Amino acid sequence: MTFINYAAREINCKIVFYGPGLCGKTTNLQWIYDKTNPQAKGKLISLATETDRTLFFDFLPLDLGTVKGFKTRFHLYTVPGQVFYDASRKLILKGVDGVVYVADSQEARMDSNIESLQNLEKNLKEQGYDLNNIPYVLQFNKRDLPTALPVEEMYRQLNYKGEPTFEAVAMNGTGVFDTLKAVAKLVLTELKKK
Amino acid sequence: MADLVMYEEEYEQIKEILARLQSDSNSKIVFLVDKNGQQIAAHGDMQGVDATSLASLTAGNVAATDGLAKLIGEKEFSILFHEGERDNIHISLVAQRVILVVIFDERSSLGLVRLRVKKASQELEKTFEVIVTKAAAEQSREGRFESPFAEITDEDIDSLFSE
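Heads up: the protein sequence lines correspond to chains A and B, in order. Number 99 in the working numbering belongs to position 99 of the first sequence; there are no gaps in the numbering. Number 255 in the working numbering belongs to position 61 of the second sequence; there are no gaps in the numbering.
Just so you know, the hints here were simulated from the structure itself, not pulled from any lab data. It should be emphasised that the depicted structure is a prediction, and the values quoted were computed from it without experimental measurement. Check the hints yourself; a few may be wrong.
One side only, chain A facing chain B, incomplete, derived with CB under 10 Å [claimed, not checked]:
#1 I4
#2 Y33
#3 L64
#4 F70
#5 L91
#6 Y160
#7 K161
#8 K193
Yeah, the Cβ is synthetic: ideal placement off N, Cα and C, and Gly gets one too.
So that you can see chain B by itself, here it is in the shape it has in the complex (with noise of 0.2 Å):
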C-alpha cells in the first residue's frame, strides 16, 4: 500500500464533512482513523478524550474483527456498533482504507447515526480517491515530488534525542 499523503485541500473537505456529520447526526464526536490508527481529522467536543489511544483502539478493534471475518469467510463487517449506559460508539469503514468513528449519546439514536454516516461516507470516499490519485500521479512524476524529508540530516535526527 502507498504511503498515504494528505495535503490542505483535501485535508479541509475531510473536516468540513465530518463537521456536517456531527451536526447532522446530532452526535458528540465525529472522527476519522486509517487502518493502522492513526487520526486524520477529528470533530467535536475532544475535550477529556485521549484521541491518539481512540484512534490506535479504534483501529486494532477493526483490525481485530476484519480478522473474524476472514475467518468465517466474510470480506468484511462494515459496521461494528458498541453499546454503553451513556455513549455508543458507532465504527464504520469507508472507502476500505479508513475508518469513521462516531461517538454519540441519548440526543440521537443508532437510526439516525447509520442514515448519515451512509451520506458521509459516499462524500469521504469521492475525497479520498482524490487523494489517491494525486499520490500516484506525485510519484509518477519523478524527482517532482519533494519529500520534505529528502535533506533530513544524521544531526536533525540526532537533535530529536538530545534530551
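Bound-form chain A, shown alone (with noise of 0.2 Å):
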C-alpha cells in the first residue's frame, strides 16, 4: 500500500526482499546502506539473532529525491528467510509495493530456492496480493560461487512470469542497484497506472 501524503508532498513505498535463509538478503541491504550517502538514508535496523540470523526483519529507508514535485521515499524491508518463521514473513508481507526475490546461485540450494518462491506466492496470496500482478524482480546471487549454477538453468526453474532478472553478488555489490532500480522503477511505472 502506497502512502501518498498531498500535505508534506511525499510518497512511501515498500519493498521486501524475499528468498530463502542464507541467500544475502541482509547483504544486499548492507551493501545498499555503505553505498548510499547520509542524506540519502536512515538507519539500517536488523532484528537479528546473536548469530546474525534475522529475527524478524531488517529496515533500510531510503531518500531517492523527488519526482514531480514529490519527494520519494523507499522502505526497504527483509524477511527472515528460515523457513519457521513464516509468521513472521506474512506480517512483513502487510502493504507490500514491491518484491525482489533473492535466489542462491548453489546447486545445493536450488530446493529452498523453490520452496521459499512458492512460500511467497502463497503468503502474498493470504494477504490479498498476487505474485502476478505486483512488481516483482528475481535476482541470481552468489554468481561468484564455483557451484553456481547456470543462469538460464535457473531462470529455466525459477523464472515466474518473465520479471526482470539479475545477476549479482551482494558481497562486492554486483547487480545490488540494478535490482533495487529495477524494481523501484516497476513500483513507480504502477503508481502511474493508477
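Starting from the two chains in their separate frames, assemble the complex, guided by the hints.
This is how it looks when you write it as C-alpha cells:
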C-alpha cells in the first residue's frame, strides 16, 4: 500500500526482499546502506539473532529524491528466510508495493529457492496480493561461487512471469543497485497506472 | 486495502489533534503511524529521535502482537504499553488502521495518557473516516483523480538513480 501524502508532498513505498535462508537478503541491504550517501538514508535496523540471522526483519529507509515535486521515499525490508519464521514473513508482506526475490545460485540450495518462491506466492495470496500483478524482480545471487548453477538453468526453474532478472554478488555489490533500480522503476510505473 | 491518500485539510486536523493530545497528556512525543510503518504525523520534541525507525519498529511490534492475538483467538490487543526506567511508550490502534504512539516520562502517568488517548482516538477515528470516504469518492469519479505520477517518465525515474 503506497502512502501518498499530498500535504507533506511525500510518497512512501515498501519493498520487500524475499528468499530462502542465507541467500543474501540482508547483504543486499547492507551494501545499499554502505554505498548510499548519508543524507539519503536512515538507519539500517536489523532485528537479528546473536549469530546474525534475521529474526524479524531488516529495515532501511531510502530517500531517492523528488519526482514531480514529490519526495520519493522507499522503505526496504527483508524477511527472515528460515522456514520456521513463516508467521513473521507474512507480517512483513503487509502493505508491500514491490518484491525482490533473492535466489541462492548454489546447486545445493535450488530446492530451498523453489520452496521459498512457493512460500512467497502463498503468503502474498493470504495478504490479498497476486505475484502475477505485483512489481517483482528476480536476483540470482552468489554468482561468484564455483558451485553456482548456470543462469539458464536457474531461470528455467525460478522465472515466474518473465520478470526482470539480475545476476549478483551481493558481497561486493555486483548487481545490487541494478536490482533495486529495477524494482523501484516497476513500483513507480505501477503508480502511474493508478 | 486502498491506498491511503492524505489531503491538506485532514492533515492539519490530525496535526491539531496530536498537538492537543501531547499537551493534555503532558507527554514528550505523540506520533501517528500507519500499520505498514509509514509515519503520518508527529508532535513534540522529535530532536534526537529517529522517527522513521521508530515508526517501522512500532508497526513491526503491533504486527507481531496482532499475530499473537490471532493465535490465541483474540481479534486484537488494542493497547501496548512498554515501561522503561525514564520513558514509557503507550501504543494504541485507531480505526483499525493507524497506530497512535505516546512517549512520556514521570511528568505524566499511564492513567492520564490512557484517558487522553481515548478522547483523541475518537477524534482521529472521525478524521480517518473522512479520509477514506474522500479517497473512495475520488476513485469512483473515474479519470478525475489526478495522480501526480500519471505523467512520470522513464527519465524521471532514471534521474532518481543518477548519483
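Indices of hints not satisfied (ascending) = 2, 6, 7
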